[in-house]
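Here the protein sequences line up with chains A and B, keeping their order. Numbering of the first sequence is given in my numbering, commencing with residue 1 and proceeding in unit increments. Numbering of the second sequence is given in my numbering, commencing with residue 1 and proceeding in unit increments.
These are calculated hints, taken from the structure and not from any lab test. Bear in mind that the values here come from a model prediction, so they are computed numbers and not experimental data. Heads up, a few of these hints could be off.
Chain A is nowhere near these chain B residues, computed Cβ spacing over 12 angstroms in every case [unchecked claim]:
(1) N14
(2) R17
(3) R32
(4) R43
(5) M140
(6) E158
(7) D188
(8) S225
Residues on chain B that point at chain A, a partial pick, calculated with CB under 10 angstroms [claimed, not checked]:
(9) D16
(10) D57
(11) A108
(12) F112
(13) R208
The calculated label-pair distances, taken between Cβ atoms and stated as ranges, are [claimed, not checked]:
(14) R139/B / E502/A: 52 to 58 angstroms
(15) P365/A / L59/B: 54 to 60 angstroms
(16) E24/B / R733/A: 37 to 43 angstroms
(17) A63/B / A139/A: 57 to 63 angstroms
(18) A63/B / L137/A: 35 to 41 angstroms
(19) R28/B / Q259/A: 49 to 55 angstroms
(20) R56/A / E24/B: 46 to 52 angstroms
(21) R28/B / P684/A: 49 to 55 angstroms
Where a beta carbon is used, it is the ideal one built from N, C-alpha and C, also for glycine.
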Amino acid sequence: MSYRPVAATPALLAEHKLTGDEYERIQSVLGRDPNIVELGIFSALWSEHCSYKTSRVFLKEFPTKGPRVLQGPGENAGAVDIGDSLAVVFKMESHNHPSFIEPFQGAATGVGGILRDIFTMGARPVAVLDPLFFGPLDAPRMHSLVDGVVRGISGYGNCIGIPTVGGSTFFHSSYAKNILVNVMAVGVVRHDRIFRAKAAGPGNPVLYVGSKTGRDGIHGASMASDVFDDEKSKRRPTVQVGDPFVEKLVLEGVLEVLQGDAVVAIQDMGAAGLTSSTFEMCSRGGVGMRLDLSRVPVREEGITPYELMLSESQERMVIVAHQGREEEVTSVFRKWGVDAEVIGEVIAEPRMELLFGGEVVADLPIAPLVEDAPVYRRPFVLPTPLKAAGESVALDGAPDALAALKRLLASLNVSGKEWISSQYDWSVQGDTVVGPGSDAAILRVKGTRKGLALAVAVNPRFVTADPGLGAAHAVVEAALNCAVTGARPLAVTDCLNFGNPERPEILGQLAAAVRGISDACRALDTPVISGNVSLYNETDGRSIVPTPTIGMVGLLEDVAHAVPCRFVREGDVVVLLGETRDEMGASEYLATVLGREEGACPSLDLNAARALVDLLVELASERRLASAHDLSHGGLAVAAAEACFGSGLGAELDLVTALPAARALFSESAPRVLASIPPGEEGPVLAAARRLGVPAAVMGRVVPGVLRIRVNGRGAIAEESAVLERISSQAFRTAMEDA
Amino acid sequence: MRLRVSVVVFPGSNCDRDALHAAETVMRAEARFVWHQDRDLGRPDLVILPGGFSYGDYLRCGAMARFSPVMESVVTHAERGGAVLGICNGFQILCEAGLLSGVLFQNAGLRFVCREVRIRVESTGTPFTSAVPRGTVLRMPVAHGDGNWNAAPDVLREMEAHDQVVFRYVDADGQRAPGATPNGSLDDVAGVRNRRGNVLGLMPHPERAAEAILGSVDGARLLASFVRSAA
Numbered sequence: 001m002s003y004r005p006v007a008a009t010p011a012l013l014a015e016h017k018l019t020g021d022e023y024e025r026i027q028s029v030l031g032r033d034p035n036i037v038e039l040g041i042f043s044a045l046w047s048e049h050c051s052y053k054t055s056r057v058f059l060k061e062f063p064t065k066g067p068r069v070l071q072g073p074g075e076n077a078g079a080v081d082i083g084d085s086l087a088v089v090f091k092m093e094s095h096n097h098p099s100f101i102e103p104f105q106g107a108a109t110g111v112g113g114i115l116r117d118i119f120t121m122g123a124r125p126v127a128v129l130d131p132l133f134f135g136p137l138d139a140p141r142m143h144s145l146v147d148g149v150v151r152g153i154s155g156y157g158n159c160i161g162i163p164t165v166g167g168s169t170f171f172h173s174s175y176a177k178n179i180l181v182n183v184m185a186v187g188v189v190r191h192d193r194i195f196r197a198k199a200a201g202p203g204n205p206v207l208y209v210g211s212k213t214g215r216d217g218i219h220g221a222s223m224a225s226d227v228f229d230d231e232k233s234k235r236r237p238t239v240q241v242g243d244p245f246v247e248k249l250v251l252e253g254v255l256e257v258l259q260g261d262a263v264v265a266i267q268d269m270g271a272a273g274l275t276s277s278t279f280e281m282c283s284r285g286g287v288g289m290r291l292d293l294s295r296v297p298v299r300e301e302g303i304t305p306y307e308l309m310l311s312e313s314q315e316r317m318v319i320v321a322h323q324g325r326e327e328e329v330t331s332v333f334r335k336w337g338v339d340a341e342v343i344g345e346v347i348a349e350p351r352m353e354l355l356f357g358g359e360v361v362a363d364l365p366i367a368p369l370v371e372d373a374p375v376y377r378r379p380f381v382l383p384t385p386l387k388a389a390g391e392s393v394a395l396d397g398a399p400d401a402l403a404a405l406k407r408l409l410a411s412l413n414v415s416g417k418e419w420i421s422s423q424y425d426w427s428v429q430g431d432t433v434v435g436p437g438s439d440a441a442i443l444r445v446k447g448t449r450k451g452l453a454l455a456v457a458v459n460p461r462f463v464t465a466d467p468g469l470g471a472a473h474a475v476v477e478a479a480l481n482c483a484v485t486g487a488r489p490l491a492v493t494d495c496l497n498f499g500n501p502e503r504p505e506i507l508g509q510l511a512a513a514v515r516g517i518s519d520a521c522r523a524l525d526t527p528v529i530s531g532n533v534s535l536y537n538e539t540d541g542r543s544i545v546p547t548p549t550i551g552m553v554g555l556l557e558d559v560a561h562a563v564p565c566r567f568v569r570e571g572d573v574v575v576l577l578g579e580t581r582d583e584m585g586a587s588e589y590l591a592t593v594l595g596r597e598e599g600a601c602p603s604l605d606l607n608a609a610r611a612l613v614d615l616l617v618e619l620a621s622e623r624r625l626a627s628a629h630d631l632s633h634g635g636l637a638v639a640a641a642e643a644c645f646g647s648g649l650g651a652e653l654d655l656v657t658a659l660p661a662a663r664a665l666f667s668e669s670a671p672r673v674l675a676s677i678p679p680g681e682e683g684p685v686l687a688a689a690r691r692l693g694v695p696a697a698v699m700g701r702v703v704p705g706v707l708r709i710r711v712n713g714r715g716a717i718a719e720e721s722a723v724l725e726r727i728s729s730q731a732f733r734t735a736m737e738d739a
Numbered sequence: 001m002r003l004r005v006s007v008v009v010f011p012g013s014n015c016d017r018d019a020l021h022a023a024e025t026v027m028r029a030e031a032r033f034v035w036h037q038d039r040d041l042g043r044p045d046l047v048i049l050p051g052g053f054s055y056g057d058y059l060r061c062g063a064m065a066r067f068s069p070v071m072e073s074v075v076t077h078a079e080r081g082g083a084v085l086g087i088c089n090g091f092q093i094l095c096e097a098g099l100l101s102g103v104l105f106q107n108a109g110l111r112f113v114c115r116e117v118r119i120r121v122e123s124t125g126t127p128f129t130s131a132v133p134r135g136t137v138l139r140m141p142v143a144h145g146d147g148n149w150n151a152a153p154d155v156l157r158e159m160e161a162h163d164q165v166v167f168r169y170v171d172a173d174g175q176r177a178p179g180a181t182p183n184g185s186l187d188d189v190a191g192v193r194n195r196r197g198n199v200l201g202l203m204p205h206p207e208r209a210a211e212a213i214l215g216s217v218d219g220a221r222l223l224a225s226f227v228r229s230a231a
């Protein structure tokens, strides 16, 4: 084998997804032509997936600082102070392309990857949430994709013993050939045990820990940075294979090692494996490394240095230890039955020197490959909203309100997803106070009175209609999902799923969405502390609808008084917080009941959103809320029905409105919340709402067994709660099992 | 004197910390972990085999775990009359090790199932149920892929004759009913004991229903019963 410079043929560059300009840049960085190992390393580090070369210029806009932020973007995950010397660590990622090729392994390794990001920070993972986006169930392979993804998440998360406590599902034709699998993971750690991935100390040993390296996932990062077609969907070897049992051993080993002080820095091997982990650690620390690749534990004979550097074999970590304390590290991993080998050392000079069989196979500077990776200011066209926000749409041919409500409750997007959540172990670890199926999941924080509210949100229809406003809606919905429990929203992680950024209108969506998220995060004081960008979600020339998924973590000072999202007591007074306007555009009603996807995104007043969040947190802390439920898909009628589930309770509501009944019942105006309060609390609650400028109206009472809604005195909906609950709970199960 | 509880940790155990937490907070016990390669159980009053995936369970759940060094000590402990509680994967291991009768197949629905169930106390012949009246209905979660308990007809008959079925899945009214059993178990069996009563295995998770904040304290009743019986 020779490591002489390679001839940069167009085919070779195309295979490495490098442009001619990028190749020239490589030549000028090195002052020579690269060899094949070096070319592979450039290709991985300069891929969109690793370098964010297209999105980086936009992401700078995010507010990332705040008094509670202990670690913002740039590390394995972000960290936020929750008091008691504890921090919550969280991040969201995508595993979209692998999951479409091989749903079980794709989704499983998505979970594995994000969990490693959490425990490399020194935090024990406490929860996983999965926002999933699928095509219609009658699209080719869609049943098996849904089934495979759910089994993949369940198989991995359940085995490793991290509860999957929430998520979301959204079905839309644009995902038919490009499903989205986003995964958010959350961990808890003491402030003084937060670890970072900054290599330091020349002479310190570099250890390879975890599974042996195989040939799986080579070029995974560059695959994730390309559009998709039928040919590429045959790229099975680019999908990694996960082993949750090994990950569990690595997790326990890492957390045990990090209890001591033998470790300088630690990073997981995710996309672009050994390459990105070692280069990024060096870049953060301003140092270099000399590695002997012959020492990397391998799964099979004859693996080349090129393959070693680019493999995405799962369940692997890089650790820099203090000199002379290697044995402390390796002995812990030996106990857990995990490989841990010294493969090299830190050097002062910021370069990467790779040896294999005594021969230098790569010699590269660090900074030009990482910090100074190409940054593109690609042309973009800011989207023009489909209509002016809030503009009215006609509702010709609308059925009666009860029939419409039943169709919404049975729809893919609104129906209950117990078929999915019952396959996830959501109660392992014994901290789950509220599991899947509520606005937010709630975990207690052992050893404190505190709780964490965890939520994810995005309404891709809103984002399609108006990317900026729709993305802001996602932040507000996630914040309200937390606030209805009484939790103060703390910070945001995001997963920005978009189409091909080389199309100006797609990049415009991304630019507008980042702006919308930033505005909303500023208004709510919830900085963005971590995240991920997934571009090139386009198959056969069709792009997905823009999908900026938002993950939010909120803090409950007293978890014992978390507010449930469903009615709890007969006689409680039902109150609607927020204003209902004629906003049927981009609504679930329009899509599901009338089969139309059009119209404007609902308007959004960020000050009103902030006021509603503040009001909910205040009322909950004063224990004036019996229940509170965020209004989203399907509006007031759907929220009222859902609030009746699980208890045998119902409600009698009287809407007094200037709007026609269907609009009053199904408008998706936001921000709004349906709350119930103990009788006698109306005075203080309405006064607090007035003080904060939140519109509030008493609508009726919680009653046994029946949901009755009158609009301006005329009956609109009357049905037994049990009937509505059965429709919601059986629709998805039937769709999955009777097909 | 405080009770001594040993929680066995296999590399793939994932409910070990939950079990230890429950032993400490509910039973007020002096609780410790015992690593699967150790033989010294630490003279416990109770050994808990927690839930999880012992050694990955790629073969058959618990099939490998029974050959571990720690299990030799657990068997000896049980043979001397020492108390053993196997939860979920721990129940599977006890069956594989022959300390309990029957076998746990994959769930009838062929899918992992995590949900709240109700189980009825059928036998008070264990320290965990001696203070919980027969017929009491308890609410707690299940979370397993292989909880479908089965035994040959004569084995079940023999067990019934000796009052060895300790829990059955029931509906909200405490009645055996279609849909109440999450996994297809023979005769709705959720948990069984050995003849002597010192070894109990069950699929549901009492340790996840041991504090009010977690939605149910019914699991704590079983642990409290043990504490009382040992007093």
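Outcome of the hint check:
Under the 12 angstroms C-beta cut-off, the non-interface status given to N14/B relative to chain A is violated; the minimum distance is some 2 angstroms. Not every C-beta of chain A lies more than 12 angstroms from that of R17/B, the closest at about 7 angstroms, which undercuts listing it as non-interface. A cut-off of 12 angstroms between C-beta atoms confirms that R32/B is not in contact with chain A; the least separation is 16 angstroms. At the 12 angstroms boundary, the C-beta of R43/B stays outside the reach of chain A, the nearest C-beta of that chain being 24 angstroms off.
Remark: the non-interface label on M140/B conflicts with the geometry, its nearest Cβ contact in chain A lying 9 angstroms away (cut-off 12 angstroms). With a closest Cβ-Cβ approach of about 34 angstroms to chain A, E158/B is found to remain outside the 12 angstroms limit, as its non-interface label requires. No beta-carbon of chain A is positioned within 12 angstroms of the beta-carbon of D188/B; the least distance is around 19 angstroms. For S225/B, the shortest C-beta to C-beta distance to chain A comes to about 19 angstroms, beyond the 12 angstroms cut-off, and the non-interface label holds.
Interface hint at D16/B: satisfied, since its Cβ lies 9 angstroms from the closest Cβ of chain A, which is below the 10 angstroms cut-off. A distance limit of 10 angstroms between C-beta atoms decides the matter here; for D57/B the minimum to chain A is near 8 angstroms, and the interface restraint holds. Below 10 angstroms, beta-carbon pairs count as interface contacts, and A108/B has none with chain A, the closest being about 13 angstroms; its hint is therefore violated. Interface hint at F112/B: satisfied, since its Cβ lies 5 angstroms from the closest Cβ of chain A, which is below the 10 angstroms cut-off.
Satisfaction of the interface hint for R208/B is found here, the shortest Cβ-Cβ separation to chain A being roughly 5 angstroms, below the 10 angstroms cut-off. Between R139/B and E502/A the Cβ separation comes to about 55 angstroms, which falls inside the hinted range of 52 to 58 angstroms. About 49 angstroms separates the C-beta atoms of P365/A and L59/B, a value inconsistent with the hinted range of 54 to 60 angstroms. Under the hint 37 to 43 angstroms, the C-beta atoms of E24/B and R733/A, about 39 angstroms apart, fit the expected range.
As the Cβ distance of A63/B to A139/A is approximately 40 angstroms, the hint placing it in 57 to 63 angstroms is violated. Look at A63/B against L137/A: about 37 angstroms separates their beta carbons, and that is inside 35 to 41 angstroms. At about 26 angstroms, the beta-carbon gap between R28/B and Q259/A misses the expected band of 49 to 55 angstroms. Between R56/A and E24/B the beta carbons are some 49 angstroms apart, a value that agrees with the proposed interval 46 to 52 angstroms.
Checked against the hint of 49 to 55 angstroms, the C-beta distance between R28/B and P684/A comes to roughly 41 angstroms, which is inconsistent with it.
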